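**Student:** Those protein sequence lines, which keep their order, are chains H and E. Per numbering that gives the first Met the number 0, the first sequence starts with residue 0, numbered consecutively. Per numbering that gives the first Met the number 0, the second sequence starts with residue 0, numbered consecutively.
Just to be clear, a hint being listed does not mean it is correct.
In silico contact screen, one side only, chain E against chain H (beta carbon under 7 Å); selected entries [claimed, not checked]:
#1 Ala-45
#2 Cys-46
#3 Lys-55
#4 Ser-56
#5 Leu-59
#6 Lys-85
#7 Val-87
#8 Leu-90
#9 Ser-94
#10 Gly-126
#11 Gly-172
Just so you know, these hints were derived from the structure itself, not from any lab. Since the structure is predicted, the reported quantities are computational estimates derived from the model, not experimental observations. Ideal Cβ positions, reconstructed from N, Cα and C, are used throughout, including at glycine.
Here is what each chain is made of, one letter per residue.
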Amino acid sequence: MEPTRVLVGMGTCGIAAGARKVMEAFEKGLEGIEGVELLPTGCVGLCEKEVVAEVQKNGDKTIYGDLTTEKVERLIEEAILGGDVIEEWIAARPEEPILAKQERIVLENCGHINPENMEEYLERGGYKGLEKALKEMSPDQVVEEVKISGLRGRGGGGFPAGLKWQFAREAPGEKKYVVCNADEGDPGAFMDRSIKEGDPHALLEGMLICGYAIGSDEGYIYVRAEYPLAIKRLKIAMQQAEKSGYLGENILGTGFNFKLKIKEGAGAFVCGEETALLASIEGRMGRPRPRPPYPATRGLWNKPTNINNVETYANIPRIISRGGEKFAGIGTEKSTGTKVFALTGKINNTGLIEVPMGISIREIIYDIGGGIPDGREFKAVQIGGPSGGCIPAHLLDLPIDYDSLVESGAIMGSGGLVTMDEETCMVDVAWFFLNFTQKESCGKCTPCREGTKRMLEILERIKAGRGEPEDIEKLKFLGRNIVDTSLCGLGQTAPNPVLSTLRFFEDEYMAHIEEQSCPAGACTDLLRYEIVQEDCKRCSICVKVCPANAISGKPKEKHLINQDLCTKCNACLEKCPFDAIVKK
Amino acid sequence: MAQITVKINGQEVKIDRGKSLLQACEQIGVDVPTLCYHPRVAIAGACRLCMVEDKKSGQLVASCTLEADEGMEIETESPRVVEARKLVLDLLLASHDVDCFACERNGNCRLQDYAYRYEIERTSFPGERREFPLDNQNPFFERDYNRCIQCGLCVRACHEIPQAGAIDFANRGFSSEIATPFNVPLEESTCVFCGMCVELCPVGALVPKLDRFTGRPWELEKVKTTCAYCGVGCQIELNINDGRVVGINGYEDCKPNYGDLCVKGKFGWDYIHHPDRLTSPLIRKEGKLVPATWEEALDYTAQRLKEIKEGFGGEALGGLTSAKCTNEENYLFQKFVRTALATHNIDHCARL
């Protein structure tokens, strides 16, 4: 009989939610008990339910969520040793839309295997793609297969991966490099981290296949130093692969050599731009250079180089082992396969999801995401991170594919999906993302360094109620020219959050400018907290909680808020037992 | 070399493959404004002022970095181009200390020229400015980064010409600035004070101290000459105002230095008008040095050399020449010593 397996989600997210303590409780509870394997696993994507553990027993898999050390004892007794399923603790059932609407290819192993054990990867078909490529296919056939699959780069631009490989393969030169962009700098994005932490061998295998296809014997994974667990698991995977003959000299006895190195990035967002990334690997300052020449012809140390991101490479083993045709059958005609998204913001089921291309935003938000908390109205979703744009409610049925998104002013980006509700101010959202890109601009070219700063100043003015009607045109003028004239992708997309919120929510900008009011009630400079005297019971709780001493009045006396002192921290409104404080 | 044809403002141009669009424009005298471009250092494509419109794609492209390709058609002053250029200049002026009255480069400043050319009176973005204290600690030049437009020519000059690597960009975004590692004073950095950064700066951010308040660019007369410091024979331009040397630039279009200079050539010219400098020959008479005419001095020298040679033979004489002389002068001097003085006793200070 198969042993019962208990897999505790020990990705960075799980650990942050307390998985280590739960793991220790399991270790203690299962001590001396035979026939049960306790293992760490990567992220299964149910962030909202962390700590999560999967129990694999008699061929059935059950995912339990919201685990605490207190729950471990009952779980061991009833679900692991006993034959019951604890219904009320189940995080998600396979038939529920949250899982049923997903299609897992890249994430198929995440949350189900022990990422530090190569055997588990092998058991689930790991390195079959590499073996097939090396033993049954010519490099040209591999490139062709990737082209057939229709796979487009998952890092943002959506350039066809097969074509990119072909350019690198055809570029003249003895020495070539394979580089993985694992920098993942978008705020709120954690797709690539989960793959690195949950299924590191898939990334290695994808890079190895690429090396064989383009004629390269050396690769670099550029991963941010803020991902220590991902780095650790990648290093373990590399050691195991080398020991087993999948990495290094004469791989699988075929004469193909490939060595791999990890380069830890220092956390500059701009180093996600490929030319800046290459400069950083070379030990130079992480600043972009103009393209062309593209890395395919002049990349790392001026040698032909193929750069893809983690998710792109992780798709490759599946494409080669199962065939490009099969992959192309998923998704839409021009955007094949699946896409992993990090679902965050004002949504019930935050988490990591993988969906077939072409799925509508409505399905993601309402079926998988479970809608907006507290019955509030959906307003928009920011897609593509700081380089992307927002999609408003009237476009909820927009299919998610590269071309539809570009048409609507957003981009696929690397896969951040930030949901916003009626309490989110779109001017504030634009300011947030632009503030990020302005700080992360490398400072090399004028439009990005200076132009985004001036846009930001205008947004700050508008948020503070000091905007002028011509500011709208100024923002559009600056935005258009920064897009047209910036040196690299960071600058060329930096104005997008402003331009796309202006496209769909110009009225909200105008309310700030003309009426000095923030319809969402988010811009604190435009807010005013007041006490409704008819409802106030003079209990003076608000006087005590106010950290700025802005509320006057002793118990049983009239309470008043001094607007000059009020910092709009919301503490009084939260604490008032009689709902006598309002914000306007 | 294979040639290709591109069309610039409707005019066909044949140009060598591998040349940039900017070079194609230069070839037919179309003036495309640039700030971060300089033929002596690597191309950065940073200022974005040289954008031109690609007629086929409708996109703006940086002409300094884009290689010209067969059949390309570009417009260098289309409304789109002019709009983008005006914005770049407007943005640069917003972060620039527009105090042209006090600026040494007034009248010889590319930012000023282009702002005038594109009719920009003042910036339309009066917002935050980067503020830096004036750095005039080193003996040779002032650094006023309130005027810096971050074109990066100084950085590339420093890394590529003397390869000193003393300065680079620091920080990111709007906080980006030019700095030495850890912001140590320039004197404590690897700077060799060759002044190449000063030479290439297109605005008034880097200015030689000796040049300050000595004359406006249009008052200066330029005189080409050879640097008097060593035998390399660097070609320089003296900036002369009212009969006095007030500054020196490298002369760019000529061997051997093509504009490159060292600390002495660039900054060490103040000896020219120094009061201690000898202005006539001196002859020692009864233990005292007495001014003499050149005729008198040469006659006296010739006479004494002759007497010694006749009395004791050529071997009693020797010649020592100087690295401050040109190669030609050194050659002539050894020829003179060997033939006229009849001795091989000739040496040079570079061996000491």
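**Student:** Tell me, in ascending order, the numbers of any earlier hints that this structure violates.
**Tutor:** 3, 4, 6
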